[in-house]
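Engineer: Residue numbers (our numbering), protein chains in the order written: chain W, 258 to 595; chain B, 503 to 967.
Nothing false has been slipped in among the hints.
Derived DSSO-like pairs: lysine-lysine, alpha-carbon spacing no greater than 30 Å straight-line: (1) LYS560/B / LYS526/B; (2) LYS566/W / LYS527/B; (3) LYS533/B / LYS449/W.
These stretches of chain W come out as covered by chain B in the derived footprint (C-beta under 8 Å, 3 or more residues): (4) 305-316; (5) 369-379; (6) 386-394; (7) 584-591.
Everything labelled a hint here was simulated from the structure, so no lab data went into it.
Where a beta carbon is used, it is the ideal one built from N, C-alpha and C, also for glycine.
Residue-level listing of the chains:
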Amino acid sequence: MAASRRRPKAQTESAPKQAASAEEMIKFYREMLLIRRFEEKAGQLYGMGLIGGFCHLYIGQEAVVVGVQAALKDGDDVITSYRDHGHMLACGMDPKGVMAELTGRRGGYSKGKGGSMHMFSREKNFYGGHGIVGAQVPLGTGLAFAHKYNKDDGLSAVYSGDGAINQGQVYESFNMAALWKLPVLYVIENNKYAMGTSQERAAAGELYQRGSAYGIPGHQVNGMDVLEVRAAAEKWVEYIRAGNGPVILEMKTYRYRGHSMSDPAKYRTKEEVEKMRSESDPIDNLKRNLLDGAYVTEDQLKEIDREVKAVVTEAAEFSQQSPEPDPAELWTDVLVEA
Amino acid sequence: MPIEVLMPALSPTMTEGKLAKWVKKEGDEVKSGDVLAEIETDKATMEVEAVDEGRIGKILVAEGTENVAVNTPIAVILGEGESAVDAVSAAPVPAPKVAAEPVVKDSGARPDATLPTGPEKGPAAAPPASDEDKFFDKTVKKTVREALRDAMAEEMRRDPTVFLMGEEVAQYQGAYKVSQGLLQEFGADRVIDTPITEYGFAGLGVGAAFKGLRPIVEFMTFNFAMQAIDHIVNSAAKTLYMSGGQMGCPIVFRGPNGAAARVAAQHSQDFTPWYASVPGLKVVAPYSASDFKGLLKSAIRDPNPVIFLENEILYGQTFEVPESEDFIVPIGRAKIRRTGTDVTITAHSLMVSYALAAAELLEKDGISAEVIDLRSIRPLDTETIVNSVKKTNRLVTVEEAWPTCSIGSELSALMMEHAFDYLDAPVIRVNGLDVPMPYAANLEKLVLPSPDRIADAAKKACYRK
Chain W
258 MAASRRRPKA
268 QTESAPKQAA
278 SAEEMIKFYR
288 EMLLIRRFEE
298 KAGQLYGMGL
308 IGGFCHLYIG
318 QEAVVVGVQA
328 ALKDGDDVIT
338 SYRDHGHMLA
348 CGMDPKGVMA
358 ELTGRRGGYS
368 KGKGGSMHMF
378 SREKNFYGGH
388 GIVGAQVPLG
398 TGLAFAHKYN
408 KDDGLSAVYS
418 GDGAINQGQV
428 YESFNMAALW
438 KLPVLYVIEN
448 NKYAMGTSQE
458 RAAAGELYQR
468 GSAYGIPGHQ
478 VNGMDVLEVR
488 AAAEKWVEYI
498 RAGNGPVILE
508 MKTYRYRGHS
518 MSDPAKYRTK
528 EEVEKMRSES
538 DPIDNLKRNL
548 LDGAYVTEDQ
558 LKEIDREVKA
568 VVTEAAEFSQ
578 QSPEPDPAEL
588 WTDVLVEA
Chain B
503 MPIEVLMPAL
513 SPTMTEGKLA
523 KWVKKEGDEV
533 KSGDVLAEIE
543 TDKATMEVEA
553 VDEGRIGKIL
563 VAEGTENVAV
573 NTPIAVILGE
583 GESAVDAVSA
593 APVPAPKVAA
603 EPVVKDSGAR
613 PDATLPTGPE
623 KGPAAAPPAS
633 DEDKFFDKTV
643 KKTVREALRD
653 AMAEEMRRDP
663 TVFLMGEEVA
673 QYQGAYKVSQ
683 GLLQEFGADR
693 VIDTPITEYG
703 FAGLGVGAAF
713 KGLRPIVEFM
723 TFNFAMQAID
733 HIVNSAAKTL
743 YMSGGQMGCP
753 IVFRGPNGAA
763 ARVAAQHSQD
773 FTPWYASVPG
783 LKVVAPYSAS
793 DFKGLLKSAI
803 RDPNPVIFLE
813 NEILYGQTFE
823 VPESEDFIVP
833 IGRAKIRRTG
843 TDVTITAHSL
853 MVSYALAAAE
863 LLEKDGISAE
873 VIDLRSIRPL
883 DTETIVNSVK
893 KTNRLVTVEE
903 AWPTCSIGSE
913 LSALMMEHAF
923 DYLDAPVIRV
933 NGLDVPMPYA
943 ANLEKLVLPS
953 PDRIADAAKK
963 ACYRK
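Based on the provided sequences and hints, a complete structural model is requested.
Structural biologist: The following block contains the structure:
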């Protein structure tokens, strides 16, 4: 079928770029860089055979989770799909525990029994890590239901990709969330490709409008700019917390790597990837802002780079030194013993 | 220090590959993310990116080399002030062109030598202790429908985190009138009508349970739970394990299961074996009103996901139910409904009444049948069944479900493992016939087990006509 139908011009979220303090920008830089370096290291360990199975890297999308997380407060919940390493780091989970889970070791967040796609932290209110595309959406809507039931002023941030958003259960969730005015922020990370299928070939209409039949406000945001993401998230989180029900934010973003480690990414051109990397990289752009505004010196940034690298190196070492799970672990955690 | 670049594994199964092309050459500056080389795997041509900054000091494996084993050093990257001489001395001898060892090395240990004894490998599982019998001093007559409602009401009074959601549970008072009066007592925040959206509300319930609420999710019938089975199996049952014990899911999925009457194939199916096969779930299928009440209370208090299978035909049947609110039946205990010496008959849910009717028929023929109501399917009270078979030496299993991979199949296997030397006859399964449920009254009757079919099977097991 011809894909030449004209798309309506997106109503790009026009919240003014709120001025961020130097301190905040440096924090965002550090957090995004940590995700970038962590993922590069994960890719390297995968290449060495130390990480097995599926491994979906978040490189390129860092501004989305760092910007949204900056708008949340303690007690808010986060849930996402299997491209989850960045979300865990942004939630403040220990890089050592995340990396050791990737290598399937005892020191991992799930004691080595979950792997890349299945990690959780009750302490940090991170509810996974789900390997079934779209399943996190009703689950996350249930987290929001619990906030409303408990009347605790919390909300749930539910991330899904441009692929998951075509699943039927997403709309079952939208319906209930709108009907019951649940405190939930649906973040669509539109990185343009659902595995190898481009959004144009898989999705009719605009993703940010997918909730309009339910009366759910939807907005498109430049997901490659952490300050724009933060500004939009802050505005709409306030709206949700005021009891107005769910909101959809479509983050226009991009992943530099393949869908998973074994994806050669032949469905897009090298030029396309290179253009995004050179013109829209969220970390490079923030770095330029920091330097242009004289918020930091080159040396200060180099120091941050060194610190981040040390954290990732330590995580990688821990993930190789931590022993494999004891065989007795096979039989634990199947059921909670009453 | 010079950094070795190793031949990477680029898929879950790759052990070696061809170094197709070097994109960088010796002396080139590289930074993190730069493409160094292209590698052909068994599936695709992939790019290898630099992870570290520096300068290519030495290329160790020439372009075009085939069968390069994973983890073979292919190049050396130098930092500031390092020379290629260091690099050469630091680099190991290039690996010979031999097939690579598998990445996951076989430790040589065989499962029997290292695996701990699993629950299914030990002796027959013993049932949990129970004091349920003492509560039958004072009883009242209740229908199964009322017993279920009482169980939910008592638990909702006891624990404010318990709530009920499902289609028609609130204003309509339950599609089968099971939730009568609950909306009036507990209000719309705790008795929640959902849209017709099984996958959605099952997932929503699981998410709420992750946060410590205790949802009771009613399916109008378990036929519709097939729309939601992904959340029951992949989300509810597995998350505790996948989270290393952090994220429990205290939830009850309940509703009628099995054939009602004349509703044909899509509305007449027994899902007991489906759920009973899943680790991480508990599965109960009671028969009497007292067991429905006592087991539903246990299910709501249980910290795990419980599949609670009811039966439409039983809803209106009346039984003696203990008056005390302290009456509770632990999950995992079978109940001997009738003692006997010649043959053991197991059944659950509605089929218990058919097994008891068959026992009456058998008595007329001088055969003494012991009838065991399984009540709990997972965990199964293997000990009680095995002890009975050690006495009667014969077993007939009864259920509505199709025969292949049924509860009867499981019981047959358990008898092989735990009672082989005691059996005087093969285990006989009485199941629903291996066809979709027909609509016509006479055909439907032929599909389902009947007291006559059960009695015939028991006679066969006793080598009697």
